[in-house]
Structures are given as C-alpha cells and as structure tokens.
Amino acid sequence: EPEVTQTPSHQVTQMGQEVILRCVPISNHLYFYWYRQILGQKVEFLVSFYNNEISEKSEIFDDQFSVERPDGSNFTLKIRSTKLEDSAMYFCASRRLTGTGANVLTFGAGSRLTVL
Amino acid sequence: TQLLEQSPQFLSIQEGENLTVYCNSSSVFSSLQWYRQEPGEGPVLLVTVVTGGEVKKLKRLTFQFGDARKDSSLHITAAQPGDTGLYLCAANFGNEKLTFGTGTRLTIIP
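Those protein sequences? They're chains F and Z, same order as listed. Quick note: my numbering has the first sequence finishing at residue 116, numbered continuously throughout. Quick note: my numbering has the second sequence finishing at residue 110, numbered continuously throughout.
Some hints here could point you the wrong way.
Claimed, not checked - Think about it this way: if two alpha-carbon atoms lie no more than 35 Å apart in a straight line, the pair counts; the simulated DSBU-like pairs of lysine-lysine are: (1) Z/Lys-59 with Z/Lys-70; (2) F/Lys-57 with Z/Lys-70; (3) Z/Lys-70 with Z/Lys-57; (4) F/Lys-42 with Z/Lys-70; (5) Z/Lys-57 with F/Lys-42; (6) F/Lys-78 with F/Lys-57; (7) F/Lys-42 with Z/Lys-56; (8) F/Lys-83 with F/Lys-57.
Stated by the list, open to error - Computed footprint of chain F on chain Z; a stretch qualifies when at least three of its residues, placed anywhere within it, have a C-beta under 8 Å from a C-beta of chain F: (9) 52-61; (10) 90-101.
Keep in mind that the hints were calculated from the coordinates and are not lab data. All C-beta atoms in this analysis are idealised placements derived from N, C-alpha and C, irrespective of residue type, glycine included.
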C-alpha cells in the first residue's frame with residue numbers, strides 16, 4: 001500500500017539552528033500538508049500546499065517556517081531559527097481529490113524534533 | 001475558530017465491554033474522519049463520513065455522523081486489547097485544512 005515517508009525520524013538540534021524536515025508524498029497525490037503535535041497535545045494544522053504554492057496556513061506558520069517542493073517527489077518543511085517551543089512531532093500528509101469532496105489524508109509516521 | 005471536542009478524554013474498560021466516544025462541534029462539518037494513532041506514529045484513517053445521519057461499520061466499530069453534521073460518535077462492541085490507542089476525530093469546515101479533535105485515549109484491560 002502506498003505510504004508517505006518522512007525523514008529524519010528524530011532530529012535533535014540546538015536553539016537557533018535551521019532544520020529541514022523531508023517528506024515523500026504518495027506519487028499521484030496533489031495536495032500536501034504539514035501538521036505538528038506537541039507532546040500530549042492535539043494534532044495542529046500548519047500549512048497546505050497545492051500547485052506549487054501555499055493554499056492555506058495557520059497562525060503557527062509564521063515567517064520562521066517555509067515549505068518547498070524542490071523536485072517532483074520531495075516536500076520539505078524548513079524552520080529557519082528553531083525555538084524551544086518548536087519541539088514536537090511533525091507529520092507530513094498528502095491526498096488526492098476524492099469524488100466525495102472529503103479531504104482524506106494519508107499521514108506519514110512523523111519526524112520528532114527536539115530543540116535544546 | 002472551529003473546535004472539535006472529544007469525550008471522554010480518557011477511557012479505561014475491561015475486555016469484552018462496549019464503549020462509545022463522542023466528537024462535537026458548534027459548527028457544521030462538511031466531512032468528518034476518524035483516525036487512530038499509536039505512540040510514535042502518525043494518525044491512520046479509520047473512516048470518512050460525509051452525509052448527515054450516515055452510519056458506517058468497520059468490523060466491531062460503528063461510526064455515526066449526526067443529522068445536523070455537528071457531531072459524530074464511535075461505538076466499539078466487545079472491545080479487545082488491540083483496540084487500545086488514541087482515537088482522533090478530524091473535520092473539514094469547508095476549507096482546506098483538517099481540524100483535529102482533542103482525542104480520546106482508550107485502554108482496554110485484558
């Protein structure tokens with residue numbers, strides 16, 4: 001069964017450092033997402049991406065964050081200068097447009113980011 | 001701001017018992033999904049409901065979408081230890097993003 005793959009599975013970084021989290025969405029999917037989940041809290045939407053541009057973003061997704069689809073397969077999330085509060089599990093997801101109109105997402109296993 | 005409240009937050013029951021968890025919002029959903037999440041993994045889709053009043057069954061799991069499209073429930077019959085996990089509802093409110101609920105952490109005691 002097709003899956004969304006994420007790397008790295010765990011990254012530890014110093015506060016202020018740049019981090020890039022990578023995702024390979026399912027090959028025939030057109031919409032891409034990043035979500036995050038701080039330990040013990042709910043899954044939060046960060047950003048959606050379609051047709052090579054951001055289609056929607058949350059208040060969390062400030063100027064420190066950026067997304068890119070540098071080639072036909074990868075979808076990346078960059079955090080420019082990490083803060084302690086960026087420590088979380090980051091999930092990539094992708095979807096195709098379903099006939100019902102429901103946004104059915106397939107999630108990756110996540111990348112755990114620890115900022116020290 | 002659209003919020004999804006799930007109840008109960010925690011539920012611990014004996015194997016073989018039945019249970020129901022709830023997902024509620026003050027706003028109308030365009031669609032709703034239920035996910036299950038294991039520790040250290042991403043959410044895995046269980047079901048999608050789109051039509052108000054819709055009922056879907058997945059083996060011992062029954063999902064219901066409220067007529068007013070503001071609530072949903074998940075009922076598990078004869079719970080088994082393998083049902084242990086975090087159950088998340090997630091809804092579309094007519095925009096691109098999926099809004100997740102607060103989650104119900106279910107523990108089935110053998």
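Results for each hint:
no., hint, verdict
1, Z/Lys-59 with Z/Lys-70, "holds (25 Å)"
2, F/Lys-57 with Z/Lys-70, "holds (24 Å)"
3, Z/Lys-70 with Z/Lys-57, "holds (20 Å)"
4, F/Lys-42 with Z/Lys-70, "holds (19 Å)"
5, Z/Lys-57 with F/Lys-42, "holds (26 Å)"
6, F/Lys-78 with F/Lys-57, "holds (14 Å)"
7, F/Lys-42 with Z/Lys-56, "holds (25 Å)"
8, F/Lys-83 with F/Lys-57, "holds (19 Å)"
9, 52-61, "violated (count 0)"
10, 90-101, "holds (count 9)"
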